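Novice: Chain by chain, the residues:
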Amino acid sequence: MTGNEGQPGGWLLRGAHRTLTGLHPALESVLAAVVGLLVGAVLMYIWGYDPWRAYWALLRGAYGGSYEIASSIARGVPLVLTALTFAICLRGGMFNIGAEGQMYVGAAAAVCVAYFQLPSWLHVVAGVLFAAVAGAIWSLGPALLKLTRGVHEVISTIMFNWISRFLVFYLVAYVLVDPRQAQRTVRVPLSARFPILVPGTDLSYAVFMAVAFALFAYVLLWHTAVGYEVRAAGLTPTAARYGGISVKRTMLLSFILGGVAAGLAGAATTMGLPPTYAIISGLPELMNLGFDGMAVAMVGRNHPIGILVAALFFGGLNAGGRVMQFYGSNPVPLEMVRVVMGAIVLAMAIPELARVFPALAASGRALVRMLSRKKPVEEAA
Amino acid sequence: MGRGSRAFPLPLFVSDGGTRMNESSSRSGARENGYFLRAERITKVYSDGTVAVRDATLELRPGEIVGLLGENGAGKTTLTKILSGLLPPTRGQVVSPRGRVRFASPREALEFGIGMVHQHFALVGTFTAVENVALSHERPFSSLQLGATRAKLEALMEESGLRVPLDVPVEKLAVGEQQRVEILKVLSREVDLLILDEPTSVLTPLEVDELFRLLRRLRDEGKAIVLITHKLKEVGSVTDRVVVLRKGAVVGDVRTAGVTKEELAQLMVGKALETRAGRAVELSTEEIPAHAHDRERGDRGPGVLHVEGLSVAGTTKPIAVDDLTFDVYGGEIFGIAGVEGNGQTELVEALTGLRPALKGTATIHGQNILGLDPRQIYKLGVAHIPEDRWVLGLVLPFTLAENAILGVHRWDEFRGPLSVLRWGRINAHVRSLMERFEIQATGPSAPAKSLSGGNQQKLIVGRELAKDPAIVIASQPTRGLDVGAAQYIRDTLVEMRDRGRAILLVSADLDEVLALSDRVAVMYEGKFMAVARPEELDREKVGMLMGGVSVGGRG
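Protein sequences appear in the order of chains A and B. Counting in the numbering used here, the first sequence runs from 3 upward without gaps. Counting in the numbering used here, the second sequence runs from 19 upward without gaps.
Just chain A, same shape as in the assembly (with noise of 0.2 Å):
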């Protein structure tokens, strides 16, 4: 009664198609990312561009040398955060789309620390707890709305991002104001910066906060009980509950945690982020970036090692695509990324593609079993 019976292959080919089994979500975001690449160059074809070259300068300006793949490095850094917030909640059960505002708060927060002067890392700690705390209460909104009133947290996600995406265009532009250069907040003071790690680009040590968290992410959620029991109300809240889980608990904390996550996006990209420092008005080195982390965390399987990978891919689309528009004498835009970005969710979202796997592990196993030419095991009547 073991599921090889009847398999055929000695251990090495079962082993190698186990191997590949638990690969299968892994390879399906590959393939999900081919096809990506493969919609965009069809587009580029039909406006005339030449996709082979603009892939080229594309590949070259994401990971092409060491100054490129730092930049593409420092891009996926928030998006690191920004997508173990969809995450996180994802496996408590939730759709939170609320990274984006969260941030927005973090951010603003972690500007904060310009008013007052402590000892460098002191003030760097200071800067981060700030923005995790601000990004956790912005969180709070939407969690007990749905706690209490049972409002769905897509809805109120999506009205606080707007609302914290007001809030901090007010702050901006009249609370935390520089008097002397007034379409910016005032800087972080090179206290409390991260310091830049490779010279020259914009990958500061924020990076390490970052990984760090999605390993925080992902012990708590695999190899503690307190993440175990965020996973099982996630899958089955009824069994959760009758395996004695309060699911309101799980889900309060897997939204408070997603909010630290966003807030520390927050903190990488004013703390952390070169020449500025600081919130310039209209939010442009935020924009977007809570909603890209959805995609990455899609792309990444809602695994915090996953978005890890994830975010280089992304983060490198970003850096590639500014290399990409200056490229050749027709040079394709950098709205083409987001185009292939946009695709590329999209093909996560198509089933068949994750029946390409099966399909071929079939095809494989009779290949197999053809060229050992052994029938599955008979039945001793």
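There may be inaccurate statements among the hints.
Stated by the list, open to error - 30 Å max Cα-Cα, derived BS3-like pairs, lysine-lysine:
id	chain 1	residue 1	chain 2	residue 2
1	B	K190	B	K545
2	B	K467	A	K250
3	A	K250	B	K397
What the hints assert, rightly or not - Reference excerpt, derived from the structure (chain B facing chain A, CB under 10 Å, subset only):
id	residue
4	T370
5	V413
6	I423
7	V512
Keep in mind the hints are simulated off the structure, nothing from the lab. These figures come from a predicted structure and were not determined experimentally. A virtual CB, placed ideally from N, CA and C, is assigned to each residue, including glycine.
Once you have looked at the hints, place chain B on chain A.
Specialist: Below, chain B without anything else, positioned relative to chain A:
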């Protein structure tokens, strides 16, 4: 077998089971020469490499009830899904007189005249029965015909005797009632072939009789019927022909009249029978041995669960459990029999912290349990084997290991400092459970949904009994399981009782309750009609009590 007078015109084949062949036909009519559907040398291999069906050949004819018999995981459901065109076979084909059959959707199968009632129902929970049936008739952009559907359903209910409340959301109905909605839904499409997957596992004896009467009438109207089951008694009482599957292969295709229950059981379980010499008799006849009778009376232990004046509200009814008072003692099995939907579910939920009580008290070893959450109740020594293993008992996408700690995940054995789970210990625990409870799975990291129903239930039972509880509250613990797994779970419960634990057994399987229990309560509309020792009751008496008819003096 009741239907012995029916003659069978077509020669029946036996693949390798060596069972008695049929007598040759005494009658040959035009209708009998035609078949409705034929599966030819079907093999189905799933994408994970599991061979579910091997080289199976099966013919279905109008005016015949075919029993598809086999243990869980024998391939019964897969074979019928292929027959109704829902799954493509890996090899072989399904043909009808109109040619080869292949459907893209259940709707196409229905239009062809094939209706299937699945073990797990395909109903929209928030819709009423009328809306669910109307929905199944729906074409894109057509208008909903609620009025016509209601009239049709009422006529159908009148004709078939299957009664359901039409205006309550189906998620609020008892499982048995939901199944009736599902059957009505298929019948309303006027199908020629009706496939029922384990239909009786949620029904009471009376309801089963009604269902069988209905099936016979449909058969006499010329419909082909396939009844998937593992209950030999049902095969004997209603089918005309029986096809036995074992590990995906057809091991017998015989006239019901020409074969004994013992032979069928032998075919069904195959060699496993000899390896468990001590149980061969039980397995072959599915007679549940009466565990209660071989013990001395009066040796029950101290009171464990004490319930007094307990009332609980139901989801649809204002009062589901009505002023109940009873005790369960250590070293006894207290069985609750009754038609489903008479408050058993609500009683169990109230005692396990899943549903608030209206009034009354319930204590375990003198400590109040009402108003506590499930985790606190487990701490007091309660194990709960829930009614619905997919909704309550398991997180299906979770692995075996993750499921094995549901409810005990905060216990010190499994949780170290900083709330870190000790996966090493948990995996060791799961391996010991797999060994002790004969759970067949590839390992602790196999997802629970990859297990067969019997193994899923063994996992739940193992997890709950590993708590070393003072009382086991078991609700429908053997529902939908094959003979072997059901017997194993019954034996385990009896063993727990013999070790001095209290068992509260709620089951719709009357034979099970009567055979296992030391005391039996018959529940009707939230009250106990009677509490008695099983030898004081017989089936007829219990049947009357379950129907709400008091029997002389008791109660």
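Novice: All hints, please: hold or fail.
Specialist: Now the hints, each set against the structure:
no.: 1; hint: K190(B) to K545(B); in the structure: holds, 20 Å
no.: 2; hint: K467(B) to K250(A); in the structure: holds, 26 Å
no.: 3; hint: K250(A) to K397(B); in the structure: holds, 21 Å
no.: 4; hint: T370; in the structure: holds, 8 Å
no.: 5; hint: V413; in the structure: holds, 4 Å
no.: 6; hint: I423; in the structure: holds, 8 Å
no.: 7; hint: V512; in the structure: violated, 25 Å
Checked against the numbered hints given earlier, this structure breaks only hint 7.
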